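Input sequences plus hints: build the corresponding full structure.
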Amino acid sequence: MDVAKRAGVGRRTVSNVVIGFPHVSEEVRVRVLRAIDELGYVPNRAAQHLRTGRSGIIALTVPELGVGYFGELANLIIEEAAARGAGTIVAQTHGARARELAEIERLLALQPDGLITSPLGLTSHDIDSITQRTNVGIIGEHFAGDAIAATAIDNAAAASDVVAHLLDTGRRRVAFIGGAGVPPRFDALRRAGYLSAIAAHGIDPITDITVSDFTSSAGLEAGGRVAARIASGGSIDAVFCVTDEVAIGVIRGLHDADVRVPSDVAVAGFDDVPEGRYSTPRLTTVSPDKKAIARRAVDAALGGTGSTDAIGYSLAVRESTAVSPPA
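Under the working numbering, the first residue of the sequence shown is numbered 1, with each subsequent residue one higher.
It should be emphasised that the hints constitute simulated quantities derived from the structure, not laboratory data.
There's no promise every hint is true.
Distance ranges between label pairs, derived from CB positions [claimed, not checked]:
1. A82 - A228: 29 to 35 Å
2. R106 - A322: 42 to 48 Å
3. G312 - H201: 36 to 42 Å
4. K291 - S217: 27 to 33 Å
5. E27 - G312: 23 to 29 Å
6. T280 - A102: 36 to 42 Å
7. T280 - L110: 42 to 48 Å
8. I89 - D126: 16 to 22 Å
9. G304 - G10: 28 to 34 Å
10. G303 - L167: 41 to 47 Å
Here are the computed lysine to any residue pairs in the SDA-like style, where the Cα-Cα straight-line distance is at most 25 Å [claimed, not checked]:
11. K290 - R185
12. K290 - L65
13. K291 - Q92
14. K290 - E64
15. K5 - L39
16. K290 - G66
17. K291 - R260
18. K290 - T131
On a predicted model such as this, the values are computed, not experimentally measured, just so you know.
Glycine is no exception: its CB is placed at the ideal position from the N, C-alpha and C atoms.
So this is what it looks like as structure tokens:
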């Protein structure tokens, strides 16, 4: 083999470097990779799969890469897989079951070592069928309550914590802005956490300001409705939004109506997306341990049997809730 000759090593050593075998010295790995680059060598993945039983790649599906949470999580998964010597192929599904099934089928045809998916439409039967064909790591709350191990935080508890924070700042008219109609599971769990915290303080809930989807544009429109309600004599001094994307839109909608955040209305979100860390004001949010999510998901895709406990989270208190309401 030309690569082996150029690097001054045996063929097996070249193979070990290509498949990411960890027990190769850094000096030898660098020589082999330099030789591969100089010769333009492309590994024969099919032959590699036959020899090792592994393809060296994992598959990943997410609802939408353009959403901050999923984009950041996909990046962490790709880097975690790379650290273990595996590449990642990615598809987005927009959360529709037919698209999820089609993209997963397309990816499994490439014979990856495993699949990571964040489903919104798949059924328990779908997952059972897929797990018969490959290792599967599931991200999110879609199967909460089912006998399916998924990598997720305790959404209800986290939502309750962020609402308790709003109440601790002196707010007493806290609205929840989430989906209308039949929500995805994460929305229902976050709504339940909100209702639990509100009930514990003996306060009436406000849940009638809803969004048609979980985007900033939908949040912008909802923020305008919050402002209009305040202008007509309604009393809202805090808003908990089901996602950061919605919360960022709400902040803009309030700003456009000359409602000040946080002095008039405090705003909190969920997911700790990058945009919220740089918004004006910076967004208070629930921050899941995304690195832990990525590690556990990659573990599952590569055939591991790690913990099934809920992933940790923290409350990132920032400027959007930092000021107590006027006396």
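Against the structure, the hints:
no. : hint                    : verdict
1   : A82 - A228: 29 to 35 Å  : 49 Å, violated
2   : R106 - A322: 42 to 48 Å : 47 Å, holds
3   : G312 - H201: 36 to 42 Å : 25 Å, violated
4   : K291 - S217: 27 to 33 Å : 30 Å, holds
5   : E27 - G312: 23 to 29 Å  : 38 Å, violated
6   : T280 - A102: 36 to 42 Å : 40 Å, holds
7   : T280 - L110: 42 to 48 Å : 44 Å, holds
8   : I89 - D126: 16 to 22 Å  : 20 Å, holds
9   : G304 - G10: 28 to 34 Å  : 30 Å, holds
10  : G303 - L167: 41 to 47 Å : 45 Å, holds
11  : K290 - R185             : 19 Å, holds
12  : K290 - L65              : 15 Å, holds
13  : K291 - Q92              : 20 Å, holds
14  : K290 - E64              : 17 Å, holds
15  : K5 - L39                : 11 Å, holds
16  : K290 - G66              : 17 Å, holds
17  : K291 - R260             : 34 Å, violated
18  : K290 - T131             : 24 Å, holds
Violated hints for the displayed structure, listed by number in ascending order: 1, 3, 5, 17.
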